[in-house]
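The opening position of the sequence shown corresponds to residue 1 in our numbering, with each subsequent residue numbered one higher.
No lab work stands behind these hints: they were computed from the structure.
Just so it is clear, the structure is predicted and the values come from calculations on it, not from any experiment.
We treat Cβ as the ideally placed atom computed from N, Cα and C, and that holds for glycine.
Worth double-checking, as some hints may not be accurate.
[As the list claims (entries may be wrong)] Taking lysine-lysine pairs in the BS3-like style, the calculated list, with each CA pair at most 27 angstroms apart, reads:
id, residue 1, residue 2
1, K44, K377
2, K44, K25
3, K299, K25
4, K299, K30
5, K377, K566
6, K288, K566
7, K30, K10
8, K30, K44
9, K377, K391
10, K478, K521
11, K377, K432
12, K432, K451
13, K391, K299
14, K268, K252
15, K391, K20
16, K380, K20
17, K494, K8
18, K44, K20
19, K10, K494
20, K10, K478
[Said to hold, decoys possible] What follows is a list of derived Cβ distance ranges for each label pair:
id, residue 1, residue 2, range
21, N59, T438, 49 to 55 angstroms
22, R460, V585, 34 to 40 angstroms
23, T438, I720, 29 to 35 angstroms
24, A368, I170, 30 to 36 angstroms
25, I485, N41, 42 to 48 angstroms
26, G126, K8, 36 to 42 angstroms
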Amino acid sequence: DVAQVVDKHKDERLRIRLNKIPGIKLSIQKQPRANTVAVVNEVKHRINNLRAQNAIPDNIHIAVVDDQSIFVRHAIFNASLAAGSGALLAMIIIYLFLGSLLRTLIIGTAIPIGIMVTFIIMQSLGLTLNIMTLGGLALGMGLLIDSTIVMLENITRHQAEGNTSDEDAIDAAIEVNSPIVASTSTNLGALLPFLFIGGMTGMLFEELIITITSAMLASLVVAITLVPALGAKVKYKSAKESIFNRIIETLKVNYNNNSGRFLNHPGKTLFIFCLFFVLAIYQINITKRIDFPRVDEGKISMSISGDPGMQLEEMDSAVDQIEDLLLQQPEVLTLFTTAGGFVFGRSEFENSNRSSITVQLTPSDQRAESSDQWANKVRKNIEALNLTGFKVYLRVAGVRGLHITRGSDDVSVHIRGNDLDTLRELGDQAVKLLEPVTGLRNLTHSYEEVKEELNVRIDRERAAEFGVDASVIGEALKIALDGQIISNYIEGDKDFDIRMRLPRANSYNPNVLQNLMVDYKNGNAIRLGGIANVSREATASRIVRNQLQRIVEISASYDIDADQSKVLDNTMSVLSELDLPVGYVLYDNDTNKTLVEGQETGLIVLLLAIFLVFVVMAVQYESLLNPLIIMLSIPFAATGVAIGLLINAGMSVSMPVWLGLIMLTGIVVNNAIVLVEQIEIEREHNHSLIESIKSAAALRLRPILMTTLTTVFGMMPLAIGLGEGSEMLQPLAFVIVWGLSFSLFVSLILVPSLYALFHHENKA
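Starting from the given sequences, assemble the full structure and let the hints guide the process.
This is how it looks when you write it as structure tokens:
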């Protein structure tokens with residue numbers, strides 16, 4: 001008559017499911033310097049051992065919810081595949097040019113030896129094989145054989161002219177030693193400024209740059225030692241006349257016949273290239289800008305919030321509908337659901353009106369849509385469910401450590417002040433102002449996350465009159481709400497707690513709690529409502545601070561095709577319309593600073609790279625004129641990059657693009673160095689200026705085509721961006737491929753024209 005006795009489980013405050021199957025979550029976090037793949041392998045090995053020892057019952061199913069090693073394994077495999085296929089493509093190009101399998105194998109031998117030397121350097125510097133170092137090898141695959149091609153082609157050409165002795169091979173090697181050393185030095189000079197890049201960019205690409213630098217040094221060592229030794233021992237045999245060789249000879253004849261058109265009008269040639277350069281700069285400037293490309297790990301984070309005070313059952317019912325919708329999608333591998341709060345690592349947050357779902361999609365090469373496209377599609381499907389009283393946010397999870405804002409948000413703006421209610425109102429106003437801004441989604445602020453709580457305001461005078469202090473009231477409320485274990489019940493070999501409390505349906509009703517009896521003197525009791533006021537109020541689920549001061553954070557994600565630079569400018573422009581009270585300050589949480597500083601750093605490092613390349617060549621040539629001619633070929637490589645950006649509209653200007661432009665600074669001058677060096681040799685043979693240029697260009701046409709095409713095709717697999725983990729390196733390779741391809745025209749047309757323009761018939 002006075003109580004209801006119920007046999008039930010302990011109250012559920014948090015529900016965890018995997019693909020709608022209830023369970024518990026166990027999080028394992030590796031040490032900062034531990035290898036991800038090794039840790040995951042060890043964890044799986046120990047679980048298998050426990051099963052073998054029957055420590056885990058057969059009816060207990062263990063499923064992996066989040067395995068960081070899967071992405072790492074796929075990315076490493078794809079980077080290795082890109083490096084291997086790049087080397088294979090480069091070897092095919094070499095064979096087509098040389099027409100000799102034996103000579104092709106000389107360079108084929110140089111590749112693994114160069115890689116071994118690279119590994120030795122990497123090992124001495126403490127580097128391991130990972131996505132970035134393998135990406136560096138993939139990028140360096142074409143560069144690795146550039147010097148060896150120049151060396152072997154020159155030895156082969158001398159042998160074709162009848163100079164077949166070992167001494168002739170030495171002379172041929174000495175002839176190109178200078179341009180090879182100069183080319184490698186300029187490449188290293190372009191990479192040196194990367195040492196001055198700090199922050200996120202420096203952290204991400206440091207190992208990549210060290211690997212490429214190591215590959216270039218290895219290439220130089222192999223080119224000036226191993227290749228001449230092997231090349232001298234191979235007897236020259238006239239290559240079979242092939243279609244490819246006929247094409248090259250036709251190109252050489254046509255080039256020689258038509259070269260007078262630009263050599264006789266070098267000023268006009270320079271003007272045309274300058275016109276293309278201006279158009280290229282315009283195209284690069286209008287291309288959308290982002291900080292880093294989004295890496296598609298196939299992971300979607302979904303946050304669901306309900307009205308304040310919503311009970312767990314109502315929240316879970318809505319989550320169940322969303323789960324059913326998601327499991328109908330063929331791209332979904334797993335759903336990990338937390339209803340009634342969040343679980344992240346060792347942290348647990350309980351709130352009955354909050355839930356989260358982590359969606360793991362199939363690998364990117366097994367689905368037609370990117371994670372962003374899939375999220376946009378599913379977002380519309382969820383809206384069609386008409387879940388009244390609920391807000392659902394979908395965010396594509398990026399690489400851990402790349403975000404400076406809450407969760408996976410891209411944009412973060414803070415308003416600083418003291419009063420929480422005022423901050424909440426300003427947050428609401430800011431979100432409303434930003435809703436029309438194109439390019440933003442998932443708009444929210446930190447105080448939208450509210451929860452209902454019971455507020456008990458004690459009338460201290462009345463409480464003192466009856467001799468009731470706050471601790472007595474607190475103890476009574478604790479027993480009423482959470483209950484108190486008053487005894488236990490034993491059945492067989494099992495022990496059950498007996499907990500006394502108010503009925504759950506009434507426990508959060510202020511009117512019921514007002515009638516709660518509180519003990520005071522001499523065993524008497526008084527109604528709680530007689531000494532306190534009980535109310536139910538919505539309040540912020542957390543208080544956010546920055547540098548010990550209260551703030552409200554307005555955050556959002558970018559749309560797929562958003563121009564980050566423009567969206568950030570529009571965001572700050574719109575928020576400037578906020579009418580802030582005295583003492584409240586609006587400021588950007590370094591979101592715009594990261595993008596702007598990245599672009600400024602990229603430009604500064606690019607200029608520094610150009611300067612260092614010039615210094616290296618000036619020291620090498622002990623003059624300024626020829627280095628200046630070679631340096632003038634650098635800016636025009638941007639035309640090729642602009643053409644690539646125009647054709648591939650999906651490519652954005654990001655930090656990897658800037659890194660590619662900086663690397664181009666050292667790479668594009670290689671052909672110009674070889675050509676100018678040959679022109680100088682021809683002029684020493686008392687040829688006229690124009691004839692020297694024509695003769696040198698004809699002699700160097702084949703090696704220029706060889707080195708350019710091997711580098712381009714060596715980087716092509718990475719530039720195409722196949723498979724997971726390629727997103728960060730693809731823009732870099734893309735820039736080099738397009739810039740280097742256009743530099744063919746720069747090397748064969750502009751550089752000879754500039755030489756004719758700046759040099760006189762009689763050398764000084």
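Checklist entry - Can you name, in rising order, the numbers of the hints this structure does not satisfy? => result 1, 7, 24, 26
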